[in-house]
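S.K.: Listed below are the residues making up each chain.
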Amino acid sequence: MTRALTFAASAIALAFAAPAAAQSVAITNATVATGDGSDPIEGATVVVQGGKVVAAGTGVAVPAGVPVLDGSGTWVTPGLFATMTSLGLWDVGAVSESNDTRASDSPFSAALDVAPAINPASQHIAIHRAAGITRAASTVLPTGEIFGGQGAIIDLGADGDAVVEARAFQTVAMGEYGARISGGSRAAMYTALRNALFEARAYANGTWDGADAMLPRADAEALGAVLSGRQPLMIAVERASDIRTVLGLKREFPRLDLVLVGASEGWLVANEIAAAGVPVIADGLDDLPQGFDELGSTQSNVGRMVKAGVRVAINASAMENPRNLNQYAGNLVALTRIPGADGLSWGQAFAAISSVPAAISGMDGKAGVLAPGAMGDLVVWDGDPLEVSSAPIRVYIDGVEQPLDNHQSRLKERYRDLDESDLPKAYDW
Amino acid sequence: MRITARTIATGIAAAALAACSTTGQTKTESASAAQAFDKNPFPSTYERYPGRPTALVGATVYDGAGNRIENGTVLFRDGEVVAVGDASLSTEGYDRIDGSGKFVTPGIIDIHSHLGDYPTPSVAAHSDGNEATSPTTPEVWAEHSVWPQDPGFSRALANGGVTSLQILPGSANLMGGRSATLKNVPARTVQGMKFPGAPYGFKMACGENPKRVYGNRGRMPSTRMGNFAVNRQTWLDAKAYDGKKRDLGKETLKGVLDGEILVHNHCYRADEMALVMDMAKEMGYQVSAFHHAVESYKIGDLLRENGVCSAIWADWYGFKMEAYDGILENAALLYQAGACVVIHSDDANGIQRLNQEAAKAQAAGLRLGLDIPDAEVIRWITLNAAKAMGIDGMTGSLEPGKMADVVLWNGDPLSVYSRPEKVWIDGALMFDAMDRKRRPVSDFELGQPGEGDVK
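Residue numbers (our numbering), protein chains in the order written: chain V, 1 to 429; chain E, 1001 to 1455.
By construction, these hints were calculated from the structure, which means they are not laboratory data. If you're wondering where the values come from, they're calculated on a predicted model, not measured in any experiment. Just so it is clear, CB atoms sit at the ideal spot from N, CA and C, and this is done for glycine as well. Each hint should be verified, as a subset may be incorrect.
[Claimed, not checked] Derived CB-CB ranges, DEER-like: (1) LEU423/V / GLY1284/E: 35 to 41 Å; (2) ARG1438/E / ALA218/V: 56 to 62 Å; (3) SER241/V / ARG1438/E: 49 to 55 Å; (4) GLU1451/E / ARG244/V: 16 to 22 Å; (5) GLY1401/E / ARG244/V: 30 to 36 Å; (6) THR1223/E / ASP70/V: 54 to 60 Å; (7) ALA218/V / MET1220/E: 42 to 48 Å; (8) ALA1125/E / THR58/V: 55 to 61 Å.
Whenever a hint applies, use it, and build me the whole structure from the sequences.
M.R.: Dropping the structure here:
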């Protein structure tokens, strides 16, 4: 991004009249990325009416009554969709009282429901809203047992109603970590998984006997949604052999809706993953043998899986903050210039943080994409959204413009200078 | 075939050691009572690898010292930078590499790494970064934990253009021990990586980690006031040390008090940094850099006045209470205050993208109205890091006579779309994205899935 463009974008930001909480807006003359994997379109228009996307592209007419903003010099994209996050579940990671991402002492696992734990007012949500993330999948992490519990799809709007879909998916830890927490061996882990699914089947069939069961009743009940395929099962797995074993679960439990998470060695079995039609939420840039189940890690993992026909989203839980999603996607584009490496086109990379994670989360065509009928989640950027120097200047959720201020922006304003000649900083607000 | 030892580096090392033994009056007194001992018992055996006389021409050059040269020329031979200038520089006698459309920077330097001490695979058997058995362990040396076969070194080289890095012991302890400064070359021994002539660093830690680790064991410190009490008493005991019976910890603390060993103090909160700077004055030492200094922006003036660098992430925040006030504008506000900025990683993945982290910090400043030139931002990951590590006389910028630690980027290094294309260390081509054989593979990776892959 050139500096001139930044200034142009800032000027435009000032020129925008702040609309009220309208659910309709049109932005014209912008570079528009629709999120569907295609290349950005220059000089395009996006129209949102009644909270839904009506049109995006060139030659789009703005309906009467829709407020129009000139987007010259800016980029407009769907809101980013962050998957496998802990957004809304903590204030300070190491302050356990404020952190609801783990429930290692709970007697329950699969039954855990994250929805009531989500705090829409968390700074974590406010900061990521300002970074252009409008929707996310949030979940408790497996700790005491291999099942983590039921995650939720949330929006990052500045209102009290974050949960879009409760109990949207189940998580399970496989591989090295899953083995450790289920008895010390993968042998124990797979036995625990199969037993849980058998007990869930018994519960669903009305043949469950609490006296015989290993799972608490609530867990057996909750896993019914996984068994029937109503809930996707997000399986954290890295090693190629574990991926093959996991793909084989469908032989015994044919209705499972499998999603692989992590999959550092996915590129070694990319054709098998593609053939199984299983999507992957991959750790975008992992290239270290973090464990013995990730010896084959490479930044080309995502590119190679996509090349093989796998649908791949970038895993927000594999980075310091979900707000680095666009940086990770940009890095995958950079790989296309390295001989021997496999990267993504710009459009593919952007899809990996917008439409693909949305689709994996059951919101295909509804979120992460600018297509007629999709949710009116828009981000106006001051430059190429995959570039590290770019930032959102406006964010809309369901067509409603969102506030972008938060604890961090307030600190930034307070400490623009260190002047305390009149009063202490505490009065500077 | 190795080239003979670097005479310049060796000379600097000898000079530094000579200077150390005669610094300060109290030092001279104690030295007279102390036994003579070898201050360098694990000497560097690093020798530069062979390189060709090379001229990088036509690229945009950031020299690391704040200068930008369009269509620049960088000449190096025999391990050293010979000249940096514009297109008028003669390249006769050099292999010319066309850098049109590309960029040249000094080798990137990470002032805060645990590579080798917390290597991958990160299994318990490899957990060698924290001697978390006593709140003060000034006697331990990070180099004794470094596993040279850590695959992370090669990733930092290939993806991050990192040519030098400081390995710090971890932050469980108030005083964690000595650091090791390494050149990022594959080697069979840690001595083969040790940066010749680099001073030792000394790791200290403020705040939550020490009081948590030891407080949870029912011993001091369990509070921030306990942290300071233990620190001060330890310094006082070191000052009283007469050297008659060798004490490894006190030898290190004496080295700090004598200015031979540079303090790298993990410290997040502004108020706590201010207290540490007062403690340093009280005890008579200088803090070289605060690391993880997420609140430095609140005291840019104090840091400038005290000549202390801040080694920081671009955007980490919130993961612990003392990181709650982290903001993206930290680096830019420090720069505005005239204080020294260093971008660090503390992370085996982050070290591969220090250039991008610097760019994020720069962009946050621009949105605040602070337009910091690209050439200044490159300094945050080159010369400023070198300065805080005490190696700026040898590397960190492209200046005649300095080590030829050089990165050729395939685009603007402050763009996410750019990658190192070639990396030279002391003038030797140690990574080349265009040549798969110029890609190091550690012993651990041989015969494993993905051996020799682009990573």
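S.K.: Hints broken by the structure, by number, lowest first?
M.R.: 3 and 5
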